[in-house]
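Participant: Spelled out, the chains give:
There are 2 protein chains.
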Amino acid sequence: MNYKKRSAQNLLGILNDLKRRPEDAAADLKIPVDELNYYLSGEKEIPAELIRRAAGIWPVNERDFYCVNDDCPIGVKIMRAKESAKTSRVMKRAGQPYYEYRDTVASTVGQFRPEWIKELCIVDNNSANHQAVQWNNGHFLHQFTYFIGPVNFYYKGERGDKKVAVMNTGDSMYITPFVPHTFATRKNRAGEKGLILALTYGNKLAGETQQELSAIGPELAADYALDFSTREKAAASLLRFHREAAGIDHPELTRRTGLSLSLLEKYELGTVLPKPDDLEALAEALNIDRRELLPPDDIQKKVLVNYYRTNRRWDFPSIDPAYKLVELARTSHLSHSRALELKVLKQSDKNRDILDLKVGLHQYVYNVGNSPVNINWRTDDHEYCESIMPNDSMYVKPFVPHNFRGPDGKLLVLRIGGRVAGEPQRELSLIGKQNSARAFGEMIPWFNQEGRNKV
Amino acid sequence: MNYKKRSAQNLLGILNDLKRRPEDAAADLKIPVDELNYYLSGEKEIPAELIRRAAGIWPVNERDFYCVNDDCPIGVKIMRAKESAKTSRVMKRAGQPYYEYRDTVASTVGQFRPEWIKELCIVDNNSANHQAVQWNNGHFLHQFTYFIGPVNFYYKGERGDKKVAVMNTGDSMYITPFVPHTFATRKNRAGEKGLILALTYGNKLAGETQQELSAIGPELAADYALDFSTREKAAASLLRFHREAAGIDHPELTRRTGLSLSLLEKYELGTVLPKPDDLEALAEALNIDRRELLPPDDIQKKVLVNYYRTNRRWDFPSIDPAYKLVELARTSHLSHSRALELKVLKQSDKNRDILDLKVGLHQYVYNVGNSPVNINWRTDDHEYCESIMPNDSMYVKPFVPHNFRGPDGKLLVLRIGGRVAGEPQRELSLIGKQNSARAFGEMIPWFNQEGRNKV
Chain A
74 MNYKKRSAQN LLGILNDLKR RPEDAAADLK IPVDELNYYL SGEKEIPAEL IRRAAGIWPV
134 NERDFYCVND DCPIGVKIMR AKESAKTSRV MKRAGQPYYE YRDTVASTVG QFRPEWIKEL
194 CIVDNNSANH QAVQWNNGHF LHQFTYFIGP VNFYYKGERG DKKVAVMNTG DSMYITPFVP
254 HTFATRKNRA GEKGLILALT YGNKLAGETQ QELSAIGPEL AADYALDFST REKAAASLLR
314 FHREAAGIDH PELTRRTGLS LSLLEKYELG TVLPKPDDLE ALAEALNIDR RELLPPDDIQ
374 KKVLVNYYRT NRRWDFPSID PAYKLVELAR TSHLSHSRAL ELKVLKQSDK NRDILDLKVG
434 LHQYVYNVGN SPVNINWRTD DHEYCESIMP NDSMYVKPFV PHNFRGPDGK LLVLRIGGRV
494 AGEPQRELSL IGKQNSARAF GEMIPWFNQE GRNKV
Chain B
74 MNYKKRSAQN LLGILNDLKR RPEDAAADLK IPVDELNYYL SGEKEIPAEL IRRAAGIWPV
134 NERDFYCVND DCPIGVKIMR AKESAKTSRV MKRAGQPYYE YRDTVASTVG QFRPEWIKEL
194 CIVDNNSANH QAVQWNNGHF LHQFTYFIGP VNFYYKGERG DKKVAVMNTG DSMYITPFVP
254 HTFATRKNRA GEKGLILALT YGNKLAGETQ QELSAIGPEL AADYALDFST REKAAASLLR
314 FHREAAGIDH PELTRRTGLS LSLLEKYELG TVLPKPDDLE ALAEALNIDR RELLPPDDIQ
374 KKVLVNYYRT NRRWDFPSID PAYKLVELAR TSHLSHSRAL ELKVLKQSDK NRDILDLKVG
434 LHQYVYNVGN SPVNINWRTD DHEYCESIMP NDSMYVKPFV PHNFRGPDGK LLVLRIGGRV
494 AGEPQRELSL IGKQNSARAF GEMIPWFNQE GRNKV
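Residue numbers (this note's numbering), protein chains in the order written: chain A, 74 to 528; chain B, 74 to 528.
Calculated directly from the structure, the hints in this document are not laboratory data.
Please read all numbers here as calculations on a predicted model, not as lab measurements.
There is no bait here: all hints are sound.
Note that the list lumps identical chains together, so a pair holds whenever it fits in one copy or between two copies.
Under the rule of at most 30 Å between Cα atoms (straight-line distance), these lysine-lysine pairs were calculated in the DSSO-like manner:
(1) Lys117 <-> Lys103
(2) Lys506 <-> Lys236
(3) Lys416 <-> Lys431
(4) Lys77 <-> Lys150
(5) Lys191 <-> Lys260
(6) Lys77 <-> Lys103
Extracted from the complex, chain A is given alone in its bound form (with noise of 0.2 Å):
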């Protein structure tokens, strides 16, 4: 559906939430009732300083009349390395070239933004304190870095201190938001300049999310930050947090759950970890689902560095495999971030029509090997075939029927949940797959005029 269709369908979800029928919407607007119905037929836009003026009689944001853009209909969206070298720029650092960036595949819809870095500084030594490197002050996306070549990955420790990791094609790192690093080429006889791809993306934190902590303001936001440097801690914070949401105190919680105040009191504390049937007794009686109360069951580490050496690697499927995998760095924080070497292990065309991969999250794949591979794929009953180039990049909708083929093809593929995966997508399944084609785009106002005796 096209972007006049879908923003027509989203002014007519808003009216509904406001519960204004187009004709006191129009009064409200001060416009006729007929150009307020020919926005909403999605002939044309409704028009920037018409979404001004509504912002500002009714509590809604302007962004709200703004849609999603969907720059990927046919549910993959590729970039020619060609095209990514038109997009190379050298930034400098203390004056020196320090980066040369090229652009990778980013599309509207997924939450990527990848980029392909060639280290531009060089360094004889593996010290971290290299008077050469000069470093940033992290950013809010979270990073994921395949290395390509001899790269030094500088980056800052728990406890503030200075590291240095020595990579090497295939090793790959997970790095979490804000933490400061740097990258350099390591001196080598061949001249060879290191390469990174340092595939940047937002998790459940980007877009709007950011936008509310942001209009609740930096004083009472900071309240969200909970503690969770440890599991106890963490379970301590979350217990803290329903019990108070649910305005329950100590006393009150004690004669509801049988546990004693000093028990309470120390899992608030988080010196110790609630036993399981104490946790679900609190869950409860606070007539919350027990997840809530779960603290995560890791606690990892701000930075992941991962040697390719060492990954695991199986086939795909296991009997008459069509690829081999190899896992790449990730965090457990991150259940639905999935970096994978994908080796291709068929070439045949005869497979052509066995779409064997299709995974519910949003994939971004590089080519990193020297051989073309062809993406197979179908989306609303078409099916396509494309030759990926090494260095091309692209961006695949979650979904998508595909597979990979070709000889010799390496890929690399990072897969994300975007927006959907996990609370939202629980929320959509509770609401049942009946209704659910509701929630993409509401087609009908919430009630008929006419009246509905029958149902």
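Please arrange chain B on chain A, whose structure you already have, making use of the hints.
Facilitator: Just chain B now, kept in the frame of chain A:
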């Protein structure tokens, strides 16, 4: 901070994510770098036409450039009964006046879309098939409803059958999105018209998440809705979702967990719930947090009817209580939504300094009693006090310290999670409190051109 400044921060964040220095961005946009720096200074908003141009050049959306507005800078926003009355609109169905709608308070920061609705349709019996009632189509938002006076609530049951609940003052209900429903006044001697407070709100699916689903497109997005019809089916669907996301088939999962192929198949068919130890083994094999594989503790009904007389009630605090709380309708599917009736027990001003309430949820408050209530609160080191008259309503931002005082005060309070509570809050907590302020609004570029060797 004002909208322009926040908008400038947001612009800097977009450029950072795109790894564009101002000079790179200005060149892409074909404007002088001074002009761009002017927008980045927060002196002037970036014009709508330039935003459109940017969305045509970069893989970003126009909406990304517009911020969530803060229409509640002092932490509390009040709408007086008189202002509500001005928004009165009568909706006809089948040619007859059916409802009178009035807005109550809503904020650009919170997701509440609350309406005061008088039931103009009068029924003379409690048949679910009454000819006078006109059903709606259901709507995208979740709905909590508080009843005042003699109101019949009609809804479609799980099997598609029509149901009626006979409600009175203090009764309440929760209704899942898209369940068709309607309301009518029960005929009574006094000629009293029934009234409801229909508090609709988006949860995790609203806003940008719905936008992403819409951009992905109905065919692909439909796959996000998992089978959550039973706990077993939910566990099965989640396991399959994560297994496929990891690129692992059953034989490989057997190798990693030691669980038999036939048991794995049973788990994915949803014939049996995974044992806790097996769930742990599966999460470990998939290298994800155990929470991701846990089904909801309870699959609740789509409509929950709650009678006031049977409700749980307690004092807060337990010692020297300031409030009597009564829990109203809620579903454990929405762990961050809580509806309460709050009776104010303290009236003396000497307690004014004790702000005994502070919750990490957005709050909607309506004075359902016959007496004024004072709200005292603090934001940014300022103390405020306002008198809330009967039928006034107010929005309170998360984490605002506040209290209510006054004789015979009776308030309806609805607390909701908004965009941050839940997964985004966990993500923020894992980033750590130290860096969280930068997550609310980026104030610095991701690196300094002058270089930075010391960190």
